[in-house]
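K.L.:
Residues per chain are reported as follows:
2 protein chains.
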Amino acid sequence: MRQPAPARIGDAAEDVDTPALLIDLDAFERNLDKMAAFAKDAGVRLRPHSKTHKSAHIARLQMERGAVGVCCQKVSEAEALVQSGINDVLISNEVVGRHKLNRLSALARHAKVAVCADDADNVIDLNAAAGQVGVTLDVLVEIDVGAGRCGIAPGAPAVDLAKLIDGSRNLRFSGLQAYQGSAQHIRDFAERKMAINAAQVLTKQTIEQLAEAGLDCETIGGAGTGTYEFHIGSKAWNELQCGSYVFMDTDYGKNRMADGSMFTEFENALFVLATVMSKTTDDFCVVDAGHKALGNDQGFPRVLDLDEVAYSHPSDEHGRLDLSETKQALKLGDKVKLIPGHCDPTVNLYDWYVGVRNGRVEALWQVTARGALT
Amino acid sequence: MRQPAPARIGDAAEDVDTPALLIDLDAFERNLDKMAAFAKDAGVRLRPHSKTHKSAHIARLQMERGAVGVCCQKVSEAEALVQSGINDVLISNEVVGRHKLNRLSALARHAKVAVCADDADNVIDLNAAAGQVGVTLDVLVEIDVGAGRCGIAPGAPAVDLAKLIDGSRNLRFSGLQAYQGSAQHIRDFAERKMAINAAQVLTKQTIEQLAEAGLDCETIGGAGTGTYEFHIGSKAWNELQCGSYVFMDTDYGKNRMADGSMFTEFENALFVLATVMSKTTDDFCVVDAGHKALGNDQGFPRVLDLDEVAYSHPSDEHGRLDLSETKQALKLGDKVKLIPGHCDPTVNLYDWYVGVRNGRVEALWQVTARGALT
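So the sequences go chain by chain: A and B.
Taken in order, the first sequence gives residues 0 to 373; the numbers are from numbering that gives the first Met the number 0.
Taken in order, the second sequence gives residues 0 to 373; the numbers are from numbering that gives the first Met the number 0.
Here chain A stands alone, though its shape is the one from the complex (with noise of 0.2 Å):
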C-alpha cells in the first residue's frame, strides 16, 4: 500500500505533515537546466541516473531537457519507470538469474532496454533469456576503471567479452559501461580528477584495442555529480550518467572545488521536513526523523538555516538536534529542513515528494519506484 501524500496542492508549506520529502522546485529546476546546459554546450549526451529520484516525472523533465534517457539499477526500476511511459532505459549494472533475465528480455518489448555484463557465463544468459523472448539487448561491457566494485578488467578482458556480445543471436555490443564511483566523494579536487584521468587512460585504450578488433563503441557512458566535468574534452565518454546533481545533499556539499571552495555547483533542492516532537530540556529537542525517514549511511543530516543545531543520536523513529549554542531556537511543534546526508537512499524511504514553490505546495509526485529491489 502507498501511503496518503502528507499534503495538499495549495497548502501553505508549513502545513506539510512530517516528516516528508520536500523539493524546493526553483532550486531543483536550476540544477535541471543547468546540467542539460553544460551537456549540450561539451556535446556529449546526458542520461541521468533515476536511482536517485526514482521518479518517472522527474525523467520526464530531464527528457524534455534534452536528456536522451535514463539510468536504472534494477530492472524493478526499469519496470516501474517504463510503465509510467519513459521508453529508453539502460540498466548500468550487470542483471543475473533467471527471473531478472526474463523480466529483463520481456521489458525489452516495451522500451528500449540496454544492459550491463561483466562476465561470459552471464552473456550466454542475457543472450539465451532475450532469445526466448524473441528480443536482441543492447549490451555494455562495464570495465572497472579503479572503483574495485563490478566491471572485467579494461583491455583484452574486455575486448573478449565485447566479441562474446557482438556474436551473440539475439545481443548487440552497444560500448562501455566506465564509471568510476569511489572517485565521487573524493573531496580534494586534483586528486578526484586524477582518478578521473585514470579511469580515462584505462577507458581510451579499451576503446582503441575494440576499435582494432572492428568493434565500435556506440556509447561510452561514466560520470557522477562529483566528476561530471572532468570527463569533457576526453574524447572517452560520450554519455554523462550524473543522478545527484538533481537534488544535491550533505555529503557531495563536502567536496571542494578548484580553489579550495565548497562544492556548490548545484544546489541543494530536497529537504526532509521534520517536527520537532519533544523538547523536555534546553539542551537538546527530539525531532520526528530517524534512520526510518534519513539515508544516514554518509553522515547526519544538516538543518537548513540553522548551522549550529547538530543533528545525532538518530534512531529508528527520533534524532537529536543539539541546542547547547543556541538555546532559544526550537519550540514543541517547529519545523526544520533537514538536508539529507545522502539522497539516494532517503529517497528510497518515501511514497511522495512534496514540491515547494513560494511557500505553498504546488506538486506532489509519485517516487514510482520506490522499494524497487529486484
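By construction, these hints were calculated from the structure, which means they are not laboratory data.
Check the hints yourself; a few may be wrong.
Note: identical chains are not told apart, hence a pair may lie in one copy or across any two.
[Unchecked claim] Listed next, the in silico DMTMM-like pairs over lysine to aspartate or glutamate satisfying Cα-Cα at most 20 Å (straight line):
#, residue 1, residue 2
1, Lys-326, Asp-306
2, Lys-162, Glu-217
3, Lys-330, Asp-25
4, Lys-253, Asp-315
5, Lys-330, Asp-124
6, Lys-336, Glu-266
7, Lys-334, Asp-120
8, Lys-234, Glu-211
9, Lys-326, Asp-120
10, Lys-253, Glu-190
11, Lys-336, Glu-307
12, Lys-111, Glu-217
13, Lys-334, Asp-124
14, Lys-330, Asp-120
15, Lys-234, Glu-217
16, Lys-334, Asp-87
Knowing the structure of chain A, use the given hints to seat chain B on it.
P.N.:
Chain B in isolation, oriented as in the chain A frame:
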C-alpha cells in the same frame, strides 16, 4: 505502488528473486512462542512493538498467542494496522502537530488507541483534538528513565503532567511509559541489568508519588528484547514492549548473556536473500544488496553459514563479500542469506515478507506499514 512479490507460494526457497526478505517460519514461530510463554509465566502483559515487523499479520500471530495488542511508533503505523484488523494499539511515542492529532483522535473511534505525552502544551492539544472528535484518549506519561531522548523527568514533573491529563475532560490518565532504549544494546549483562535497575528505581518512585496523588497506573510499559528479563518481578513494569525478538539481528546478537556467552535467547529468523551479481576476481564478489536493501546503521550483515566471508563496502545497490579466506566459496549467481545488522530499518525497505519452511515458500505477507512515517 506496492512492488510485486519476489516469489510465488510453493517456489523452492532458492528460486526467490533477490534481494528479498525471508522469514524462517520455524525459527520465527519459536521466537513468538518463547516470548509469549515468558510473559505468561512472569504474569505480565505482552504488547509487542510493531515498529519491528510493521505487519498486521504478525501482530495477529502475536495476539493469538496472548499479546494484549501492539505498540506503534507513528500514527500512520497505527492507522495501517487498525485498517487491517488490529484493534488495540499504543503509540509509545509523542504525537505533535495538528494533522497528527486529528488523525489520532479519528482513529480512536475505530480502535482502542493510547498515546504518550511528555509536555503540558501537548496534553492541552491532545485534549482539544479528542474533544473535537468526541472521543476519550488514553494517555501515558512518558518518563525519561535514562535514555535521554523523549520523556519528562520522573517524580514530581511526571506527577504534575499526570494530574493535568487526569483533569482533562477528553483524556484518561492510564499510566507510565518507562522505556530505557539506550540500555538495549549494552553488551555486558551486568551493566545492562544495572541500567534497568536504575530505571526501575525512577519508575517505582514515580508510581508511588502518583499513588500519593491518588493516581493509579493501569499500565507501566517498557522493556525491549535486550532487557526483557530484567523487568520481571520488579513490581514496576506490567507490560512488556519487546519487538526485535521476533526476528533478531546481528546487533542484538552481540549482547552477552550472564555467563558471557553470546545472546541466543531468540533465533535469527529474518534474512535478506541476495545474489552474487558480479565476480571478476577471486578476492571478492559483489551481491545485489546495499543500503537500499539493508539497515546498516548498527553494523553490516553477517552471511549465514559463511562466517569467514565478510560483507563490506555497501553502496546503494551493491555490497562486497570478501572471499580472501575462502576463495572458492561463491560463484556468479549463487545466493546467500544475510543476517541484517538491524532488523527494524531493514524491514521498512521491503513490501513483502517471504515465509519459508522446509525449503519452500509457504507465505507471502505484506509489510503493512512499510514507509508509514507520519
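K.L.:
Within, between, both or neither: how does the pair Lys-330, Asp-124 come out at a Cα-Cα threshold of 20 Å?
P.N.:
Answer is between: at 15 Å across copies they meet the 20 Å cutoff, but 59 Å inside does not.
K.L.:
Between Lys-253 and Asp-315, at a C-alpha cutoff of 20 Å, which is it: within one copy, between copies, both, or neither?
P.N.:
between (25 Å within a copy, 19 Å between copies)
K.L.:
Between the shortest in-copy and the shortest cross-copy C-alpha distance, which are at most 20 Å for Lys-334 and Asp-124: within, between, both, or neither?
P.N.:
between (52 Å within a copy, 17 Å between copies)
K.L.:
For Lys-326 vs Asp-306, is the C-alpha pair at or below 20 Å within one copy, between two copies, both, or neither?
P.N.:
Intra 13 Å, inter 48 Å, cutoff 20 Å: intra-copy only.
K.L.:
Cα distance capped at 20 Å. Does Lys-162 pair with Glu-217 within a copy, between copies, both, or neither?
P.N.:
Within one copy only: 15 Å inside, 75 Å across.
K.L.:
Up to 20 Å between alpha-carbons, please classify Lys-326 paired with Asp-120: within, between, both or neither.
P.N.:
between (62 Å within a copy, 19 Å between copies)
K.L.:
If the cutoff is 20 Å on CA atoms, where do Lys-234 and Glu-217 land: within, between, both or neither? Let me know, please.
P.N.:
For Lys-234 and Glu-217, only the intra-copy Cα distance (13 Å) is at most 20 Å; the inter-copy one is 74 Å.
K.L.:
Checking Lys-330 and Asp-120: alpha-carbon separation at most 20 Å within a copy, between copies, both or neither?
P.N.:
between (60 Å within a copy, 11 Å between copies)
K.L.:
Since the copies are identical, ignore which copy is meant and state whether Lys-234 and Glu-211 lie within 20 Å (CA to CA) inside a copy, between copies, both or neither.
P.N.:
within (17 Å within a copy, 82 Å between copies)
K.L.:
At most 20 Å between alpha carbons: which applies to Lys-334 and Asp-120, within, between, both or neither?
P.N.:
between (53 Å within a copy, 16 Å between copies)
K.L.:
Indicate which option fits the pair Lys-330, Asp-25 if close means a Cα-Cα distance not exceeding 20 Å: within, between, both or neither.
P.N.:
Intra 29 Å, inter 48 Å, cutoff 20 Å: neither.
K.L.:
Regarding Lys-336 and Glu-266, is the shortest C-alpha distance of 20 Å or less found within a copy, between copies, in both, or in neither?
P.N.:
This pair counts as within: shortest intra-copy Cα distance 15 Å, inter-copy 40 Å.
Taken one by one, the earlier hints fail for this structure at numbers 3, 16, listed in ascending order.
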